[in-house]
Amino acid sequence: HMKLFVSEGNPHCLKVLAVLKLTGVKCDVQHVNHEEKVVPHLSRPTLPALLLPSGMHLFSANSICRYLGEVSGQPSSDLNNQWLEWEASELQPAVAQALHLAVLQGKGSEASSALQGQLSYLEQSLCKKTTPFLTAEIVSVADVVLWAALYPILSDHGLVLGDQGKVQNWFERVGMLAACESAAQEVLQGKGLKSEALKAYMQKQPAPPHSQAQKRDNQPCNSPEVADGDRVMSEEEILSATVTWAKGLADRPMISDRQHPILPKEGKRNILVTSALPYVNNVPHLGNIIGCVLSADVYARYGRLRGWNVLYVCGTDEYGTATENKAREEGLTPQQICDKYHTVHASIYQWFQVDFDYFGRTTTEKQTQIAQNIFWRLHERGFLLEDTVEQLRCEMCQRFLADRFVEGTCPFCAYPEARGDQCDKCGKLINAVELQEPKCKVCNQTPVVRSSKHLFLDLPKLEAPLEQWLEKSMGSGDWTANAKQITRSWLRDGLKPRCITRDLKWGTPVPHPDFSDKVFYVWFDAPIGYLSITANYTDQWEKWWKNPEQVELYNFMAKDNVPFHSVVFPCSLLGAQDNYSLVNHLVATEYLNYEDTKFSKSRGVGVFGDMAKDTGIPSDVWRFYLLYLRPEGQDSAFSWADMAIKNNSELLNNLGNFINRAGMFVSKFFENCVPAMDLQPEDKRLLALVGWELKQYISLMDKVKIRDSLKCILNISRLGNQYIQVNEPWKKIKGGDTDRQRAGTVTGVSVNIACLLSVMLLPYMPTVCQTIREQLNAPPTVTATMLQGTGNFVCCLPAGHHIGVVSPLFQKLEADQIEDLKKRFGGQQVSTMVVRIYSTWPLIRPFPHQGEKVRALKGQKAEKAVIAVEVDKLLDLKKQLALAEGKNQEPDQTKGTKNTQHAPSPATTAQAVINKADPERAKELTLAVAEQVRWGAEAEN
Amino acid sequence: MALKELSSLEKALGLKKPNKYSTQGDKKVPVLQRSNGPALSGLVTIATYLVREANRAELLGESAEHRAIVQQWLEYRVTKVDGCQKEDIKTILKDLNTYLEDKVYLAGNQFTLADTLMYYGIHHIIVDLAVQEKEKYVNVTRWFDHVQHYPGIRNHLPPVVVLKNRVYTGSHH
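If you read the sequences in order, they're chains P and Y. The opening position of the first sequence corresponds to residue 204 in this note's numbering, with each subsequent residue numbered one higher. The opening position of the second sequence corresponds to residue 51 in this note's numbering, with each subsequent residue numbered one higher.
Careful, some of the hints might be misleading.
Partial list, computed: chain P residues near chain Y (C-beta under 8 Å) [what the hints assert, rightly or not]: (1) His244; (2) Leu255; (3) Asn265; (4) Ser266; (5) Glu439.
Residues from chain Y that face chain P, not an exhaustive set, calculated with beta carbons under 10 Å [said to hold, decoys possible]: (6) Thr73; (7) Lys78; (8) Thr98; (9) Ile119; (10) Leu146; (11) Asn147; (12) Val188; (13) Arg192; (14) His196; (15) Val212.
In silico BS3-like pairs for lysine-lysine, Cα to Cα no more than 30 Å straight-line [said to hold, decoys possible]: (16) Lys332/P with Lys70/Y; (17) Lys136/Y with Lys675/P; (18) Lys153/Y with Lys70/Y; (19) Lys906/P with Lys78/Y; (20) Lys310/P with Lys130/Y; (21) Lys240/P with Lys186/Y; (22) Lys130/Y with Lys240/P; (23) Lys240/P with Lys332/P; (24) Lys687/P with Lys130/Y; (25) Lys136/Y with Lys407/P; (26) Lys310/P with Lys140/Y; (27) Lys887/P with Lys78/Y; (28) Lys78/Y with Lys240/P; (29) Lys240/P with Lys140/Y; (30) Lys369/P with Lys450/P; (31) Lys54/Y with Lys450/P; (32) Lys906/P with Lys130/Y; (33) Lys394/P with Lys224/P; (34) Lys140/Y with Lys407/P; (35) Lys77/Y with Lys332/P; (36) Lys402/P with Lys136/Y; (37) Lys77/Y with Lys369/P; (38) Lys224/P with Lys450/P; (39) Lys130/Y with Lys206/P; (40) Lys136/Y with Lys687/P.
Just so you know, the hints here were simulated from the structure itself, not pulled from any lab data. Computed from a prediction, not measured in an experiment: that's the story for all the values here. Glycine included, each C-beta is placed from N, C-alpha and C at the ideal position.
With the hints as extra help, turn the sequences into a complete structure.
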């Protein structure tokens, strides 16, 4: 006598009930609660469970089904076993993920993409079959088990599943069986994803682990390439690649041209991409460009190719003291400064081919409206506090000192050059008045403490909703590891109220009458720029920004900007309670360092955006190299020599060489006409390998692993080069008929791979991609076909296709050329420029002052010790200036020491203190202090 | 890993001619190319097929019920033990320990394919156990020791030392 225990809403129970009804085996069925512990030897409640006549339990749904099949006279075949094993080990984890997304997080569209790989495997297998069911002419246990596993998802018509026609037919065929229909009714009320019982069941399940290709995550940035040529492809994979190839171009609609304004669309993936807003008063440097605008550009371009509905906005961040100061320096108004530099920014990004849908700015009427609206909503809901703040005021300069105009000793780690808002060494936020020995950065005087009334955002009050939202967003979105880590460490330290007002002129005015002489603090104001910039793009901006149900928001930035995007800005929006779209995917890069680290004055050293074009190196090559170096997961370093090596080895000898040879063979040997292809096993294996790289590319790109997916492109052209090298079509073309035919096949396959590469390259090198397409005369539908679903490498240039005129794509960078560039941009000139922009002005002014002081003391015949102290100060200042200018005047300072500060290094001291306190935190910070000279988007005050 | 296991299994079954295998996908799922039929994929599927090829069907269980239990533990091996996270290990050991309290082998009193594959799959976990933990999961340890000494099974894996006398008398299981 047997007894089957099932629970409502549990899809595994659907399997066993359907099989039970199908086989007609006699068995008692008992409905129990999800939490009921039926199997005594398992610590977690596990259902369904079958109590066997012997008193033992079966607790695996598939084993129960197989057993029911066997006792009813259907012993399990190898094929049946294979499907059941595949279901348990491959399909089930994906289904769990998909259900989690769809049922608990309301992300139906992602649910179907979580299943893409498994569904296309199933589709391919069904394509190869002549039978209506998986194993035979009649339904088997495997059919019912797979049907039941997919039932909640496939029965939901709201989900778009791409083109899995065979799966759809098979699914409907199985579902029509009376046994399946009635079991679905019994377990899920015939409702699929919308079943309440399913939701109740899912809520009791542990969250599934994230399944993604993680093995490439830990690859170091500048590591040499490893060709994946020895990857073993199974017969199935080879067969399926061949089937895909033969499908050719589908009659898919072309990716339509963008129609502005782009607005969210029902049933589409609506992706809103932002890049951290660059601060207006400087020319952006390469670190800025790779960390934000360029990374976001690659992802936005990729998204458009995938057919998603993408909007990419960015703009210049223009308010704040730095602008005011710059204006004073150049004798212009702040607005004039902003106008001037906004144009500089826009033209640099244009040169880098950053394809914004809209590049705006923060000094607009919309900014004022939206910022003030958010402010009032926070105020009305009691999320603002009033307090008197002690602030530093420089009597000499006659003004309150903004954080970035104060420097002093960090109260936490004793670093002597901590900024007024944050310590560059330990990363902790600082209240300027807590700085020890504060100095005005303009005149080097000690400022005094004055009090002033200010408004604060009550972050502690918003902590609970913030954490709730963060858990959801981090759990379902693609947050980079550093973004999660930085956010968690902020929360761990506890949130404190944060001042949102400033005693400044150049900013968004605070609308509250009690604070009429104040403006919003930049950190409160600047992220609102994303909204106001969109509002300047379209009146219907709220369809993007107040629509979390339809919109997925991607924020790109360097890691120093993370807390503002993950904690502070979300708190403003959560507190406003206006259904704002909050970030779903926070993508933060590490830092890009500069090869020459001899400058100790850290900020701003490097190549600037406007210099890149003067190098004569094409924008596409710059894009390639920066993306190749993208500090993804860890810091990386720019070097001129490496840039030349990568250009010559990867672009010229690998990628360019392959594409050029493939095209040249067609034009030279076959009169511009793609020859007939007769695929041999070796060719089919290549198709499978290329197809595998394409799938990798897509799955990595979907996860915003931009650097890693670039490697897939290079792997494909490496495979192509090997293929040509082994088959020697240039020799075979001179041989007999068989040889000539072979030369044709190899040429045809190669030129098709070249065409695939043009599709994959587009997000990275748009101009080169366009050139390749023109050379190959590529049909416009290639993109939509190849990048559909998990990727399809199809024959897109069939026999008879006419190509255009082929010419080389890349040029060699010669050693002397690079030496020249290095001298021009990496040497003295950079240091002069840096000194001009950043370093010199706070140093030069104290000089005469200090000199006079020494002279005066000497004239007064003061005590020698007193004079000596002041003389030391003067010498020290001179030394600092010399270092800032790149002239190392201390021969005894060891070569190769990156840190040119005086020993003992405060970083080391600070590190020792922190190491003791908290090893995890220390590890984080080691990264931050590892390099003195780096490029990264700086969080301006 | 799975390929080593399959070749050990071939030896244990006394199959003379080694088969050719490849792998597919990121998880390196084994694939067997057959001359007499389509390729088979999946560790359990291939292992089950090999046992039948070697005419050792008793290793798959002798009754329908017995066969179901063997298949269940084979599935448990590839779905729960393979790729388990650190925090899952304790649950797996605890559950197996309770289950094996009144059994010699996984499917009762007879040695089956489930024991072989579970042994291969759990070996890396048992190797890392401290003496104290081995004593805590005493039934698992006893079972493991049986299997590693079962003729012809151990093959590619190093033996794990199991003390017969308890060292930590105070610990309960």
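Hint by hint, here is what the structure shows:
{"no.": "1", "hint": "His244", "in the structure": "holds, 4 Å"}
{"no.": "2", "hint": "Leu255", "in the structure": "holds, 5 Å"}
{"no.": "3", "hint": "Asn265", "in the structure": "holds, 6 Å"}
{"no.": "4", "hint": "Ser266", "in the structure": "holds, 4 Å"}
{"no.": "5", "hint": "Glu439", "in the structure": "holds, 6 Å"}
{"no.": "6", "hint": "Thr73", "in the structure": "holds, 6 Å"}
{"no.": "7", "hint": "Lys78", "in the structure": "holds, 9 Å"}
{"no.": "8", "hint": "Thr98", "in the structure": "holds, 6 Å"}
{"no.": "9", "hint": "Ile119", "in the structure": "holds, 6 Å"}
{"no.": "10", "hint": "Leu146", "in the structure": "holds, 8 Å"}
{"no.": "11", "hint": "Asn147", "in the structure": "holds, 9 Å"}
{"no.": "12", "hint": "Val188", "in the structure": "violated, 15 Å"}
{"no.": "13", "hint": "Arg192", "in the structure": "violated, 16 Å"}
{"no.": "14", "hint": "His196", "in the structure": "violated, 19 Å"}
{"no.": "15", "hint": "Val212", "in the structure": "violated, 22 Å"}
{"no.": "16", "hint": "Lys332/P with Lys70/Y", "in the structure": "holds, 24 Å"}
{"no.": "17", "hint": "Lys136/Y with Lys675/P", "in the structure": "holds, 24 Å"}
{"no.": "18", "hint": "Lys153/Y with Lys70/Y", "in the structure": "violated, 36 Å"}
{"no.": "19", "hint": "Lys906/P with Lys78/Y", "in the structure": "holds, 22 Å"}
{"no.": "20", "hint": "Lys310/P with Lys130/Y", "in the structure": "holds, 27 Å"}
{"no.": "21", "hint": "Lys240/P with Lys186/Y", "in the structure": "holds, 23 Å"}
{"no.": "22", "hint": "Lys130/Y with Lys240/P", "in the structure": "holds, 19 Å"}
{"no.": "23", "hint": "Lys240/P with Lys332/P", "in the structure": "violated, 42 Å"}
{"no.": "24", "hint": "Lys687/P with Lys130/Y", "in the structure": "holds, 28 Å"}
{"no.": "25", "hint": "Lys136/Y with Lys407/P", "in the structure": "holds, 21 Å"}
{"no.": "26", "hint": "Lys310/P with Lys140/Y", "in the structure": "violated, 33 Å"}
{"no.": "27", "hint": "Lys887/P with Lys78/Y", "in the structure": "holds, 20 Å"}
{"no.": "28", "hint": "Lys78/Y with Lys240/P", "in the structure": "violated, 35 Å"}
{"no.": "29", "hint": "Lys240/P with Lys140/Y", "in the structure": "holds, 19 Å"}
{"no.": "30", "hint": "Lys369/P with Lys450/P", "in the structure": "holds, 15 Å"}
{"no.": "31", "hint": "Lys54/Y with Lys450/P", "in the structure": "violated, 38 Å"}
{"no.": "32", "hint": "Lys906/P with Lys130/Y", "in the structure": "holds, 26 Å"}
{"no.": "33", "hint": "Lys394/P with Lys224/P", "in the structure": "holds, 19 Å"}
{"no.": "34", "hint": "Lys140/Y with Lys407/P", "in the structure": "holds, 21 Å"}
{"no.": "35", "hint": "Lys77/Y with Lys332/P", "in the structure": "holds, 25 Å"}
{"no.": "36", "hint": "Lys402/P with Lys136/Y", "in the structure": "holds, 28 Å"}
{"no.": "37", "hint": "Lys77/Y with Lys369/P", "in the structure": "holds, 26 Å"}
{"no.": "38", "hint": "Lys224/P with Lys450/P", "in the structure": "violated, 40 Å"}
{"no.": "39", "hint": "Lys130/Y with Lys206/P", "in the structure": "holds, 25 Å"}
{"no.": "40", "hint": "Lys136/Y with Lys687/P", "in the structure": "holds, 21 Å"}
Checked against the numbered hints above, the structure violates hints 12, 13, 14, 15, 18, 23, 26, 28, 31 and 38; every other hint is satisfied.
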